[in-house]
Amino acid sequence: MSNLNTAMVEKYRNDFLKEVEANVEEGDWVKMCMQCGVCSGSCPLGPHWEHPPQELFMMIRAGKRDEVLNSSSMWMCTSCYNCIARCPRGLPITHIMHGLAHYADRLGLAPKEQPTRKFANKFWDNLTKTGRVNELKLGLALYFMNGFGEGIKTALKMKDVGLGMVKTKRMSPMELLGGHKCKDAGGLQKILKKAREIELAKAEKFEG
Amino acid sequence: MAKKEYSFYPGCSSQKAASASNYQVSVQTMCDELDIQLNEIPDWNCCSASIGYAGGGELPRLALSARNMALSEQANPNQDIVATCAACWLATKETQERLHGDDALMDETNQALAEAGLKVKGDQNIRHMVEVLIEDFGYDELGKHVKKPLEGMKIAGYVGCQTNRPFGIDGESFENPKYLDKLVETMGADPVANYDKKVSCCGGALAFSEPEKSQALIKDIIEAAYDGGADMIVTPCPVCQMNVEVYQNHINQKYNTKFKMPVVYYSTLMAVAYGKSGKEAGLDGQVIRAKQLEDIAGK
Numbered sequence: 224m225s226n227l228n229t230a231m232v233e234k235y236r237n238d239f240l241k242e243v244e245a246n247v248e249e250g251d252w253v254k255m256c257m258q259c260g261v262c263s264g265s266c267p268l269g270p271h272w273e274h275p276p277q278e279l280f281m282m283i284r285a286g287k288r289d290e291v292l293n294s295s296s297m298w299m300c301t302s303c304y305n306c307i308a309r310c311p312r313g314l315p316i317t318h319i320m321h322g323l324a325h326y327a328d329r330l331g332l333a334p335k336e337q338p339t340r341k342f343a344n345k346f347w348d349n350l351t352k353t354g355r356v357n358e359l360k361l362g363l364a365l366y367f368m369n370g371f372g373e374g375i376k377t378a379l380k381m382k383d384v385g386l387g388m389v390k391t392k393r394m395s396p397m398e399l400l401g402g403h404k405c406k407d408a409g410g411l412q413k414i415l416k417k418a419r420e421i422e423l424a425k426a427e428k429f430e431g
Numbered sequence: 003m004a005k006k007e008y009s010f011y012p013g014c015s016s017q018k019a020a021s022a023s024n025y026q027v028s029v030q031t032m033c034d035e036l037d038i039q040l041n042e043i044p045d046w047n048c049c050s051a052s053i054g055y056a057g058g059g060e061l062p063r064l065a066l067s068a069r070n071m072a073l074s075e076q077a078n079p080n081q082d083i084v085a086t087c088a089a090c091w092l093a094t095k096e097t098q099e100r101l102h103g104d105d106a107l108m109d110e111t112n113q114a115l116a117e118a119g120l121k122v123k124g125d126q127n128i129r130h131m132v133e134v135l136i137e138d139f140g141y142d143e144l145g146k147h148v149k150k151p152l153e154g155m156k157i158a159g160y161v162g163c164q165t166n167r168p169f170g171i172d173g174e175s176f177e178n179p180k181y182l183d184k185l186v187e188t189m190g191a192d193p194v195a196n197y198d199k200k201v202s203c204c205g206g207a208l209a210f211s212e213p214e215k216s217q218a219l220i221k222d223i224i225e226a227a228y229d230g231g232a233d234m235i236v237t238p239c240p241v242c243q244m245n246v247e248v249y250q251n252h253i254n255q256k257y258n259t260k261f262k263m264p265v266v267y268y269s270t271l272m273a274v275a276y277g278k279s280g281k282e283a284g285l286d287g288q289v290i291r292a293k294q295l296e297d298i299a300g301k
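If you read the sequences in order, they're chains A and B. Per my numbering, the first sequence starts with residue 224, numbered consecutively. Per my numbering, the second sequence starts with residue 3, numbered consecutively.
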């Protein structure tokens with residue numbers, strides 16, 4: 224269990240709703256859910272979610288902390304925004320799903336092998352390095368995220384897609400040698416570091 | 003019409019040798035014809051799209067888009083910010099909404115930006131290129147530039163998600179937006195009526211991490227286009243374009259289908275209809291060749 228997680232369990236005791244409201248992006252909307260289920264019915268990957276959004280909202284109110292934060296469900300959000308567009312109560316459901324996933328990952332409770340968890344973290348690392356996404360490096364990181372052997376297998380399976388992209392000049396092996404970047408990548412990293420510091424200090428201060 | 007200028011946010015996928023570089027080629031051609039000048043935001047950065055949330059909390063992600071807005075305010079004041087990528091547009095617009103809705107967030111964002119000597123106000127309009135076309139030009143004006151109408155072609159307008167929700171195009175519905183069909187019509191082609199999967203999700207970034215689940219969605223999108231008699235699919239989104247185009251072989255193997263459906267951008271159609279060459283329209287960027295458009299462009 225991470226230190227942050229222990230601290231949070233200690234701090235909020237049995238009030239998981241309060242913990243979510245204080246620490247999860249747009250989490251203060253959770254209590255507005257009226258359990259109609261339109262979000263779950265509108266979700267393109269909904270059938271694969273162990274706990275669809277309205278169920279997660281009820282579980283938060285019921286204090287099912289581990290079940291929610293260990294869940295793979297919100298990692299299957301495709302960011303299609305159907306739930307936001309259709310929610311009769313106007314809950315920013317997409318953002319709450321992103322927020323829950325981020326919070327679970329920060330506490331070290333998110334399922335380690337969840338593929339989108341791995342990919343999304345690689346995406347963030349990739350873009351913050353130079354300020355711009357390097358699609359080739361990101362793609363290779365994705366293929367090899369489950370080890371070398373499986374990476375070769377995936378790369379072979381995806382060979383035709385890659386060749387198609389290279390032939391049409393929509394991908395270039397040259398991107399491996401540096402590639403596109405922001406001139407002031409250093410400045411950007413300073414901005415991000417400061418933003419993270421402010422965010423952590425704020426979570427620290429919140430008493431609910 | 004007088005020249006129109008915009009502060010342009012191209013986004014990562016539009017760069018040279020990136021996945022939507024062909025989109026950028028056709029957009030530039032279309033803009034030249036319409037006398038639009040795109041002033042690129044100097045040193046813009048990635049918006050972290052809708053998959054940056056795992057590593058980035060709310061404030062770091064807002065700071066990414068805020069940096070772009072701050073650079074735009076400096077370099078291109080009094081211009082609207084225009085994005086061609088759905089995710090770039092959405093992330094920037096969301097940032098503006100959050101910053102304007104919460105003074106504390108605005109203040110914290112500016113504290114972060116100050117580390118690089120920047121400051122954001124966030125008062126420039128943030129628009130998708132499609133909005134520029136429809137609102138600043140209009141279908142009639144766009145139609146006046148057509149030199150080679152795309153006659154006899156049937157095209158399924160796949161709007162997808164993020165150009166449509168949560169913001170969408172003013173005056174259009176979330177469930178059945180009509181603008182892409184109207185653009186198709188304006189270029190002289192025939193839109194597929196009642197295209198069943200017009201606003202369905204292609205899986206987005208999860209096409210990479212959850213390929214089987216996403217390809218099931220993509221299969222339905224292509225199938226519905228065939229069912230409507232489409233010769234090709236058109237879309238305003240780089241992720242939709244790539245996802246629906248490049249996995250067709252894999253889908254064919256898995257589902258025993260025979261898909262070979264070209265997927266183009268609205269700007270590809272417009273460049274061809276405006277009489278430009280295949281190269282200027284970015285047709286050489288099609289993994290599945292758009293033969294009918296090549297024929298028209300070659301005439």
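One or more hints might be untrue.
Unchecked claim - Dumping the calculated DSS-like pairs for lysine-lysine here, alpha-carbon to alpha-carbon at most 30 angstroms:
1) A:Lys413 to A:Lys390
2) A:Lys382 to B:Lys221
3) B:Lys150 to B:Lys256
4) A:Lys360 to B:Lys95
5) B:Lys149 to B:Lys262
6) B:Lys150 to A:Lys341
7) B:Lys215 to B:Lys150
8) A:Lys380 to B:Lys6
9) A:Lys390 to A:Lys341
10) A:Lys382 to B:Lys262
11) B:Lys293 to B:Lys18
12) B:Lys221 to B:Lys6
13) A:Lys234 to A:Lys376
14) B:Lys262 to B:Lys95
15) B:Lys6 to A:Lys390
16) B:Lys262 to A:Lys406
17) B:Lys150 to A:Lys404
18) B:Lys95 to A:Lys390
19) A:Lys425 to A:Lys254
20) B:Lys95 to A:Lys376
21) B:Lys156 to A:Lys390
22) A:Lys413 to A:Lys392
23) B:Lys262 to A:Lys360
24) B:Lys293 to B:Lys262
As the list claims (entries may be wrong) - Label-pair restraints from in silico Cβ distances:
25) A:Glu373 to B:Lys18: 40 to 48 angstroms
26) A:Lys382 to B:Lys121: 42 to 50 angstroms
27) A:Leu227 to B:Lys184: 34 to 42 angstroms
28) A:Lys382 to B:Gln76: 29 to 37 angstroms
29) A:Asn228 to B:Met3: 16 to 24 angstroms
30) B:Lys256 to A:Pro311: 32 to 40 angstroms
31) A:Arg419 to B:Asp172: 54 to 62 angstroms
No lab work stands behind these hints: they were computed from the structure. Because the structure is a prediction, the values reported are computed rather than measured. For each residue, glycine too, the CB sits at the ideal point set by N, CA and C.
Hint-by-hint comparison with the structure:
With a CA separation close to 38 angstroms, the supplied pair Lys413 of chain A and Lys390 of chain A exceeds the 30 angstroms bound. A distance of roughly 20 angstroms separates the Cα atoms of Lys382 of chain A and Lys221 of chain B; the hinted pair therefore holds under the 30 angstroms criterion. A distance of roughly 39 angstroms separates the Cα atoms of Lys150 of chain B and Lys256 of chain B; the hinted pair therefore is violated under the 30 angstroms criterion. For the given pair, Lys360 of chain A sits about 28 angstroms from Lys95 of chain B by alpha-carbon distance, which is consistent with the 30 angstroms threshold.
Proximity of Lys149 of chain B to Lys262 of chain B is assessed by CA-CA distance (about 28 angstroms); at most 30 angstroms being required, the pair is judged to hold. Proximity of Lys150 of chain B to Lys341 of chain A is assessed by CA-CA distance (about 47 angstroms); at most 30 angstroms being required, the pair is judged violated. For a cut-off of 30 angstroms, the pair hint linking Lys215 of chain B to Lys150 of chain B is broken: about 40 angstroms separates their Cα positions. Among the hinted pairs, Lys380 of chain A with Lys6 of chain B is inconsistent with the structure: their alpha-carbon atoms are about 46 angstroms apart, more than 30 angstroms.
At roughly 29 angstroms between alpha-carbon atoms, Lys390 of chain A and Lys341 of chain A fall within 30 angstroms of each other, so this suggested pair holds. At roughly 18 angstroms between alpha-carbon atoms, Lys382 of chain A and Lys262 of chain B fall within 30 angstroms of each other, so this suggested pair holds. For the suggested pair Lys293 of chain B and Lys18 of chain B, the alpha carbons sit about 24 angstroms apart, so the restraint of at most 30 angstroms is met. Note on Lys221 of chain B and Lys6 of chain B: the hinted pairing is violated, with a Cα-Cα distance of about 40 angstroms set against a maximum of 30 angstroms.
Of the supplied pair hints, the one linking Lys234 of chain A and Lys376 of chain A is violated, its CA atoms being roughly 46 angstroms apart against a limit of 30 angstroms. Between Lys262 of chain B and Lys95 of chain B the CA atoms are separated by roughly 35 angstroms; this puts the pair beyond 30 angstroms, and the hint is violated. As the CA atoms of Lys6 of chain B and Lys390 of chain A are separated by approximately 35 angstroms, the hinted pair breaks the 30 angstroms bound. With a CA separation close to 41 angstroms, the supplied pair Lys262 of chain B and Lys406 of chain A exceeds the 30 angstroms bound.
Restraint check for Lys150 of chain B and Lys404 of chain A: not satisfied, since their Cα atoms lie roughly 39 angstroms apart, outside the 30 angstroms limit. Between Lys95 of chain B and Lys390 of chain A, the direct Cα distance comes to roughly 34 angstroms. Violation of the 30 angstroms bound is thereby established for this hinted pair. Taking the CA atoms of Lys425 of chain A and Lys254 of chain A, the gap is about 22 angstroms. The hint holds against a cut of 30 angstroms. Proposed proximity of Lys95 of chain B and Lys376 of chain A is contradicted: the alpha carbons are some 40 angstroms apart, above 30 angstroms.
For the given pair, Lys156 of chain B sits about 27 angstroms from Lys390 of chain A by alpha-carbon distance, which is consistent with the 30 angstroms threshold. Between Lys413 of chain A and Lys392 of chain A, the direct Cα distance comes to roughly 34 angstroms. Violation of the 30 angstroms bound is thereby established for this hinted pair. Straight-line distance between C-alpha atoms of Lys262 of chain B and Lys360 of chain A comes to about 28 angstroms, which keeps the hinted pair within the 30 angstroms bound. The straight-line distance between the Cα atoms of Lys293 of chain B and Lys262 of chain B is roughly 11 angstroms, inside the 30 angstroms bound, and the hint therefore holds.
Restraint check, Glu373 of chain A to Lys18 of chain B: a C-beta distance of roughly 31 angstroms breaks the suggested window 40 to 48 angstroms. At about 48 angstroms, the beta-carbon gap between Lys382 of chain A and Lys121 of chain B stays in the expected band of 42 to 50 angstroms. The hinted window of 34 to 42 angstroms between Leu227 of chain A and Lys184 of chain B is violated, with their beta carbons roughly 52 angstroms apart. Taken as a hint, the range 29 to 37 angstroms is violated for the pair Lys382 of chain A and Gln76 of chain B, whose Cβ atoms sit roughly 44 angstroms apart.
The given range of 16 to 24 angstroms is broken by Asn228 of chain A and Met3 of chain B, whose C-beta atoms sit roughly 60 angstroms from each other. The beta-carbon spacing between Lys256 of chain B and Pro311 of chain A, approximately 37 angstroms, falls within the hinted interval of 32 to 40 angstroms. Checked against the hint of 54 to 62 angstroms, the pair Arg419 of chain A and Asp172 of chain B fails, with Cβ atoms roughly 36 angstroms apart.
Of the numbered hints stated above, those contradicted by the structure are hints 1, 3, 6, 7, 8, 12, 13, 14, 15, 16, 17, 18, 20, 22, 25, 27, 28, 29, 31, listed in ascending order.
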